[in-house]
Amino acid sequence: MENIITGIQLATTPEALIAILIGLIAGQILGAIPGLTASMAVALLVPYTFYLDPWIGIPMLLGMFKGSLFGSSITAILIKTPGTPAAAATVLDGYPLAQKGKGVKAMKMALYSSVFGDTFSDVMLIFAAGFLASIALNFGPPEYTLLTGFSLLCISSLTGNSIWKGLFSVFLGMIIGMIGLDPITATPRLTFEYLELEEGIGLIPMLIGTLAVSEALRQMEQPVKKLASSTLIFSKQKIDNVVTFLEFKSTFPTIIKSSGLGTLIGAMPGLGSTIAAFLAYGEAKRSSKKPENFGKGSLEGIAASESANNAVSGSNMIPLLAFGIPGDIAAALIMGAFLIQGITLGPVVFQDNPVEIYAIFAALIVANLFNLFLGHGLIKMCKHVVTVPKRLLFPAVLVIASAGAYALRGSLFDIQLVFCFGVLGYIMMKCDIPTVPMLIGFILIPIFEENLRVTLLLGASHDLNVAFIFTRPAFVILFLIMTFTSLFILKRRKLRKLENINN
Amino acid sequence: MIINKNFHEKSLILILLSITLFFIFWIIPESIEDPENFGLQDGLNPSFAPYLVGFFAFFTLVFEYVKNHIFNPKARFASEKISFSKEFFYRSIKIIFVCLIYSFFLIETLGFYLASLIFITLLSFFLGEKRILILFFFPILLMTVVFVSFELGFNIFLPEGIILPQLSSIF
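Chains V and F are the protein sequences, given in the same order. Going by numbering that gives the first Met the number 0, 489 is the number at position 490 of the first sequence; the sequence numbering is gapless. Going by numbering that gives the first Met the number 0, 76 is the number at position 77 of the second sequence; the sequence numbering is gapless.
Here chain F stands alone, though its shape is the one from the complex (with noise of 0.2 Å):
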């Protein structure tokens, strides 16, 4: 799929932009509780530094917008083009979607020798490796060296998992 590239920074700024004010009317409001008769004199409020880098980038993004797509519209990026690739786009979303399942639930359940075992070898095999003994050793060998340079060299415990431990108390 070929884009203009003047249509997609014309889209990104305008999304940039809706999130900024996001920012600038829900999450600091929400998020941020000035102290009561708290002013200059005392230092400045907590808010002050987020708001301020907010309108800074709601100016620029505007700044921009106004530059080089209402006044200037034709000059940028007229004849040139992006392409844009469904299959990468699909494929990266898998990839990430296995990275956050790792990440998010795989180690905190299964522990993380287990869960990065798992992990490597379906993403090896996802992104090409289709030989078997380097799928079952690559990961074990990685391991094996995690483990001696963590947990006997540093002397640092990965996470355990909450299976694991359940597990090995019932048997």
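So that you can see chain V by itself, here it is in the shape it has in the complex (with noise of 0.2 Å):
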């Protein structure tokens, strides 16, 4: 109890507020801006939370992330242009209800429902994390190598749109983590003997490469013409800007049914939020009294997938902090800000770190707050903000992204990494090959290493050999829980297909 109070103290302190504002009202605007995507936004800060104290920093990237996810949205529904993939589903209505002249009531149901999603999958996140936590604590090489090498397979399967792409990228992020000293011997592993690389490849460069700089060059490769800002019509009508009482009485069991569903999703790995969105606005129109405006600027449709994408968000962070497993990207970037303050996630975080976990969880809810006073704040201003031409706005982000990647290691040599790794991103994106599991590759491989090859050790002095494994509790029971949602997961994905097929 000790701990929750002192936990919350340190997430209510004025700074720490300021703080998470501070993050929420940048990640709002630049989630507003076309082409600037939530995990791009964050993972340009990263790096600065380095400069700030941890309770000042770890609140502003909660802030900022809850901030951007919310911005991305408002693109999708101004310029029906996601600004991550996760709100994909919500242009299908929001652009067309902003034809109409209604974007502010789109953008307000969007900010209703996303916050609710939020609030409601950090409360699960609350009641999940130490429990599962506990039970990760009786984990032992064996089960961490299977329960990384089953999120590293999640992740590859359902990223993307093939197997072997997704797969592919997981392989190459594994080798690119596997640059520098090895972990045992420390002998040098495919470093070519170049000095900066035994210190292996830095995660932020890695990270502000491939989302933020991959990106800003696919935005660049467009005609000039597109380069330009848009324009967009509001009505001044107030029936048309405001989300009525009897609106959102209406839409709330789709909210509520859409957040469960979000927050289940995001606590597997990999399977993330725009799977999430999907399927909620799949059950959604299925269940709907009015299917028939579901694509035309239906109110359902919005809350449906904000609410289900933002659930995601609080319930993936139930695997990075049970078990030291990000869920997706945005659970990874956290985590990489929490190494950067010298806080490593886990399930030892509950014995070592009580008083952060339970500050984060204070910062969450109290971000979720502020997101929704801030959001009417920002629906006003966007109108602005989404007219920022591209031409000027790209060339700045990858001079920032410069700078970030610089500051928190002094080195050139990570400029020039954030600049290969955009290229590589994108010749990975022109090629259909998905980058999120390479990031996340990337970050399991040591733990994935370890534990494997701690096991083949623990197995070499075993009567059993190989096959003690199977000799734990622990290990049998996960094992055979993985293998009923790769059944499952395999399922859905034929029944995917399968649809695919009939449309």
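By construction, these hints were calculated from the structure, which means they are not laboratory data. Incorrect hints may appear among the rest.
[Claimed, not checked] Now the in silico label distances, taken between C-beta atoms and shown as ranges:
| no. | chain 1 | residue 1 | chain 2 | residue 2 | range |
| --- | --- | --- | --- | --- | --- |
| 1 | F | E29 | V | S161 | 30 to 36 Å |
| 2 | V | F483 | F | L134 | 57 to 63 Å |
| 3 | F | L151 | V | F483 | 54 to 60 Å |
| 4 | V | F233 | F | L99 | 49 to 55 Å |
| 5 | F | I81 | V | K99 | 30 to 36 Å |
| 6 | F | S10 | V | T12 | 53 to 59 Å |
[What the hints assert, rightly or not] With a straight-line Cα cutoff of 30 Å, these simulated DSS-like cross-link-like pairs (lysine-lysine) come out:
| no. | chain 1 | residue 1 | chain 2 | residue 2 |
| --- | --- | --- | --- | --- |
| 7 | V | K493 | F | K4 |
| 8 | F | K9 | V | K493 |
| 9 | V | K99 | V | K288 |
| 10 | V | K429 | F | K85 |
We put the beta carbon where it would ideally sit given N, CA and C, even for glycine.
Assemble the dimeric complex from its two separately framed chains, guided by the hints.
Set out below in structure tokens:
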């Protein structure tokens, strides 16, 4: 109890509250700028958190992430450009509504459902993460090998259009993660005697390059005309600019159902907010009294996709806090920020840093409340923000990305890495190879390799050889759970394929 | 230019397969020196994990190729086409070239601020910004914001470059 109170106090100091506010404002604005995704915005901020006090930097980052998630739905609604793939489902109804002059109404609906979905999943995170972490404390190297291996498999098979591309992306990330000194023998690996590579590839340059620079390169290849600003008309009638109580009441069951679905999906590594948004959208359409309105500007459609994709943001921290495994790229970025501050997330964090964990929980809830109030301000501002010309925006993004990468280690090599990874990410995008599995593979390889090698070492000294892993109850239970989950995923993939063929 | 998606996928797999084989048979042996008499009882060789990942990548690609391009060559993407724009391609090549010059050469020689001023002006102009005032003031404004937030706010000193310190020492 004492830890909880101290945690809440830590997250509600004036400095932390101001940090959350600044993070939210910056996140909402950056998220609302076409082409700047939520992950990209957070990736740009992560290096700076190193220079801030942990309890200013981390709440700012959490605020920024939540703000940019809502901000990214604004571009989806107003200019049919989802800030993140997760907001793609919001386009389906948000954009038609905006074209009718009801852009403000659509954005307000998105704001209310986003905040509700976010809060719902944060509450679930608070209750589930500690419980799962207490189970994870019984895990040894074999269980961790299985868990990380399974997460890599899930992420690779569920991101992108084909399994082999996801797998190849994971393998590529794992190989990049092996550059540097071997963790056991300290022998240089894949460095070609290049001293700067012996330190290993930095997470931050890789994240900034793959997320921000590659996206900027992709956007800049567009014809000159497309890089100019866009315009949209907003209705002046009051009814078109508010969400009435009746409208909210009629969508509330959809919001609750979609938040639950999003939370469940977010807790599984690799599934992510895009799948949650589309599943919730499909389910809302299936169970709606007016399914014919979907795709033509239905508030229910916006509520479903927004509450589900935001619900993922809290619950995808469950595997991160409980097992130290980031469920998606957003969690990976937050993990990076914690690592910068010297805090390694995982089951022991509940024992070693309980105050910090409760402070995170408190910061998440506070950020949701602030998001609701600030969101209204953003909606008024967004008419101007969405018109920033891309031809000025993206060169600026590249310069800020370079400065951010340099800031962390003071190394020119990191700036060069940012652009190399930017080009790599761009080529991968062009080949339709997802980049997220590569980043997760890069992050998870040290845990996976270390535990795999220890497991094999333990097996070598055991009578049953490697088969000893099946004598461990925790391993067997985990193995069964993962087998059933894999079957479920395969079945869902098959269904999706059939649906695509039918369509 | 229109490309058949089947052909595109097939070529991609073959290119990646060549890279994977190059990684397994040249990069790993050339860049990792395993300690002598080091084996399973000591915690496995440093090259164990790279080989493991390399072979997994190899088998994934071979499996995909055999399954979809040898046993079932016409079923997937048979009618799908990919449009490839030469204009986009040349444009992106130019942008990437400018970015690489900026990161590998300009920052090191001219310093971060001067290099970035030139970079933003050139790139914005290339992307279609023709207003002279914007081209002049926008980079200066951005650099001022970067300077204030980095050097004054966080005490982070961005690279000075080689030329400017030498010039200042001369004068």
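To see whether the hints hold, each was checked on the structure:
1. Hint check: E29 of chain F to S161 of chain V, Cβ distance near 32 Å, so the stated range 30 to 36 Å holds.
2. About 60 Å separates the C-beta atoms of F483 of chain V and L134 of chain F, a value consistent with the hinted range of 57 to 63 Å.
3. At roughly 56 Å, the beta carbons of L151 of chain F and F483 of chain V sit within the given window of 54 to 60 Å.
4. The hinted range of 49 to 55 Å is not satisfied by F233 of chain V and L99 of chain F, whose Cβ atoms lie roughly 42 Å apart.
5. Distance hint for I81 of chain F and K99 of chain V: a CB-CB separation of about 35 Å, consistent with the stated range 30 to 36 Å.
6. The beta-carbon spacing between S10 of chain F and T12 of chain V, approximately 57 Å, falls within the hinted interval of 53 to 59 Å.
7. For the hint linking K493 of chain V to K4 of chain F, the alpha-carbon distance of about 21 Å falls within 30 Å, and the restraint holds.
8. Of the supplied pair hints, the one linking K9 of chain F and K493 of chain V holds, its CA atoms being roughly 23 Å apart against a limit of 30 Å.
9. Taken as a hint, the K99 of chain V and K288 of chain V pair is honoured in the structure, with Cα atoms around 22 Å apart against an allowance of 30 Å.
10. Between K429 of chain V and K85 of chain F the alpha-carbon distance is near 13 Å, which keeps this suggested pair within the 30 Å criterion.
Hint compliance for this structure: hint 4 alone is broken.
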